[in-house]
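Based on the provided sequences and hints, a complete structural model is requested.
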Amino acid sequence: TTLRAATWLPPSNPQNTTVWPTWAKWVEEATEGRVKVVVEDYTGHPKTLFSAVEDGILDVASTVNTYLPGRFKLPSVAEIPGEISSAEGGSVALWKTYQEYFVEADEYDGLKVLSMFVHGPGQMHTKFPVNTLADMKGKKMRIGGGLVNELAARLEVTPVNAPATKSYEMLQQGVVDGTFLPAQEQKALRLTEVTTDLTLFPKGLYTTAFTIFMNPDFFEGLSPEDQEAIMSVSGEKLARLAGSAWGAADAEGIATAKEAGIHVVELSPDDPRVVEMHKLAEGIDQQWIKDVADRKVDAAAALAAFRKYVAEEEEKAAKP
Amino acid sequence: MTVVLIGFAILLLLIIGLRLPIAIAMGLVGFFGFAVLQGLTLDTLFTFNWKAALTLASNRITETVQDYGLSVIPLFILMGNLITRAGLSQKLYDASYAFLGHRKGGLAMSTVLACGGFSAICGSSLATAATMSKVAMPPMRRFGYDDSLAAASIAAGGTLGILIPPSVILVIYGLLTETSIRELFAAGFLPGLLGVLLYLLAVRYVVWRHPERGPAGKAFSWPERLRALSGVWGVLALFALVMGGIYLGVFTPTEAAGVGAGGAFLIALFRKTLSLGVVFEVFSDTARTSAMLFAVVIGALIFSDFINRAGFTDLLVSYVASLQVAPIVVILVILGIYILLGMVFESLSMLLLTVPVFYPLVAELGFNLVWFGIVVVVVTEISLITPPVGMNVFVLSAVLKDIRTGTIFRGVTPFWVADIVRLLLIVFIAQIALFLPDLLYR
Amino acid sequence: MTGKQPINVEEESMAFRAWLDAHYRERGLFMWLAFSLELVAVITLFLLMLLTCADVTGRYLFNNSIDGAIELTRIGLAIMVFAELPVISWRGGHVVVDLLDSIVSHRLIRVFSMLAALLIATSLYFVAWRIWELAERSLRRGEVTEYLKFPEGYLIYYIALMSWVTAATMITYGIYHLWVTPSDNQLVSD
Ligand code: NA
Ligand code: NA
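Protein chains in written order, with my numbering: chain V, 1 to 320; chain F, 321 to 762; chain D, 763 to 952.
Since the hints were derived computationally from the structure, they do not count as laboratory data. Among the hints, erroneous ones may be present.
[To be verified] Below are the DSS-like pairs computed for lysine-lysine, each with C-alpha atoms no more than 27 Å apart in a straight line:
#, chain 1, residue 1, chain 2, residue 2
1, V, K296, D, K911
2, V, K127, V, K258
3, V, K137, V, K203
4, V, K36, V, K237
5, V, K237, V, K203
6, V, K258, V, K203
7, D, K911, V, K25
8, V, K237, D, K911
9, V, K137, V, K279
10, V, K36, F, K371
11, V, K308, V, K279
12, V, K140, V, K279
Structure, rendered in structure tokens:
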């Protein structure tokens, strides 16, 4: 059987350099070569991937949940500002929380969920130094949407909505003064050419939750043995793979930025800017809980569980 | 591979032989081609599960008409229509005529320059062709220019700007290949100017062979010229607003379309050229033209989904990679493939589908990726005026219902040849592209 | 004063009728249908223009852009394009490649145009079913736009509906119209 996985990210994205090839190898090994994975380029809008997979145009895809606001609300627990500190930890915690709390809400009706992950902490890439948070006031910042919008409003920036890939042009032309993105984009989107400052908050400002999903008919069509084989290399294992790949890309992005002479500031947890940001973000978690009130989920418990899992992963990572 | 070739053949038959509208022909071939790849045969015609193919078409339809980036199409067309309705394009060409009318083909040359300048800044060749076809075509006709030369100078001139920075296409190439966008921009500059120069030569060639296509008028005295200039401040101010706004970062090129349309509306209002009826006419005409173009884009996208699913580009790459010839010959083969693909592809999908598979091979052969980026953008420009599917030509034929696509394609030929000359120059003298980036960033 | 106004209205409405007659080649029901659809498109396009200007001005002068400007633009685009689709389709106004027109007879070209009309109508009829189902599914799952929380499904319903309108008008008026008058894209040859 051939399994068609869709990608819409550029070739150099960790999803294409690491995640898909590794998972493809795992799938082929686990099914003893019975299922082969082919990765296909998807040129449509990534939000249409949900229906493309559901209706059998493709078998597997990964995309951003908040591209369909209103349908997917629960995974945004990971997107609350200041919740995650690493992509890997956040990804594993999100997957565990999904399994434990979100499955029954059935947001993925029509899809077989294979895994979830997040990119690294979203940071500030700017054309000006951020010496205090007041420096952000009135600056035009590109943002992608989601809960970071709320934080942007509290920072009193002028938000300019645009997809991440527009960042280069908008910065180059001066339409915006900065953009919120994970550190990897210094390299991938070539922000080294159009920004001067990269200000890294230990827990970032936000993240983006992705889901990896399969067409349920395709899944049903596999032998029980192969179904089990695919699930054995998905779930937490895939979340960890994706999270660590995206996290590693952040480290590369920071290295590239330093090499290119970008003013990289790694803030310590007790820096006044971090403390202030923490204060600004207060209450956004409650907003998430309010947002998902229409879901049959104990949101407060899910949030607590998510935090517990993040802390566990942090502890694990801290051990040598 | 056979499926794709049959698909190409059927498409050509439908659009040229049966004269089917481009949109429906591409959409249908794409739809059924995709279904065939999903297992459709004559035997399964009535038991086949059409859901995937139908959703594919539905998604393309619903997402394309909601594509924010495509909002430049109606708004720039609107700007062009309003400028024309206010009588400003006539004034602009009167002034142009006063300065250049005594030269053979002078107006066509100024059209090439105007299109080049406008598209360089706004970055969209479709939008440029749409804006300029209403602005430039009627005046050129009035001064006795042949339709084929007049229309071709707009269609071809509109392609120039996607290479001259800032260039959206170069940004996309840079993101796909992890090449420095700054260097790509620097590299695009000289080849872009070379394109302008060669297009001007193409106009000269046409009027040298056929003087009646771009007749020379009388020479104007300087006082007359200055008087003619006095009528154009409005449109110059508007173009300055649009281009300056983008250049200074006040708004994005997408937003510039709306601002330009708004400015043109104000000018038209100020000049008391708008009654309610005229407003209705201008706006509905714009909406109709835009709807036609959206239909073509949707058809082209469904068709490209089929080609993509067939794994066509991967096949091409493995073919090229298997060639046992000198690297430069491999490059020439790749370019030949691009020219052929340009016949049936809409430019952006061609780029998105081919660059990710070709660039590793090109890098492996030891070629500079910045240089390859320029080469790829030039072939993309060429694809916009290559028949039978040349988007810039379709824009003109959608905006100006009384001009045949055949007329435009005929007129475009010298420009197409000029582009091929430029392509070969850049391929064999890589310094044309690499001189500036080397100077600035190495 | 009171006696004068009704006359004005009447005059105006007569002027309006004259304008409609001059502006539209359709007559009767189809003239009114064309006018109403185009009115929707015209108003939408006008608002799109105003929206961008207001958004840019707000951001540049007052550091305050319009929330949801992008999604409003997207919705407006879809409304405009699909309001015009029936009109351009029944007039046979789609872009064609007419490279062979000089060697093909007018009668044959007319036959080709009929074929195109039938194909467009049939394809739109079937694909609109799927679009309609996707709209239902989207509404059922609560998919909304990011800022305005507008249910996307309604816009998709509109697209399906207008596709059906296009199909229906094409096989009725469109075929008749093609038979009696040349289509938009063959005017040149006649
Ligand atoms: Na440009
Ligand atoms: Na072409």
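Hints versus structure:
1. V:K296 - D:K911: 21 Å, holds
2. V:K127 - V:K258: OK: V:K127 and V:K258 at ~15 Å, within 27 Å.
3. V:K137 - V:K203: 21 Å, holds
4. V:K36 - V:K237: Holds - the C-alpha atoms of V:K237 and V:K36 are around 19 Å apart, at most 27 Å.
5. V:K237 - V:K203: It holds: about 23 Å lies between the C-alpha atoms, which stays within 27 Å.
6. V:K258 - V:K203: Roughly 20 Å between the alpha carbons, so the hint for V:K258 and V:K203 holds.
7. D:K911 - V:K25: Between D:K911 and V:K25 the Cα gap is close to 41 Å, so the pair fails against 27 Å, i.e. violated.
8. V:K237 - D:K911: Not OK: V:K237 and D:K911 at ~35 Å, beyond 27 Å, violated.
9. V:K137 - V:K279: Roughly 16 Å between the alpha carbons, so the hint for V:K137 and V:K279 holds.
10. V:K36 - F:K371: Measuring from Cα to Cα gives roughly 24 Å; hence the hint holds.
11. V:K308 - V:K279: Judged against 27 Å, a Cα distance of about 21 Å means the pair holds.
12. V:K140 - V:K279: 22 Å, holds
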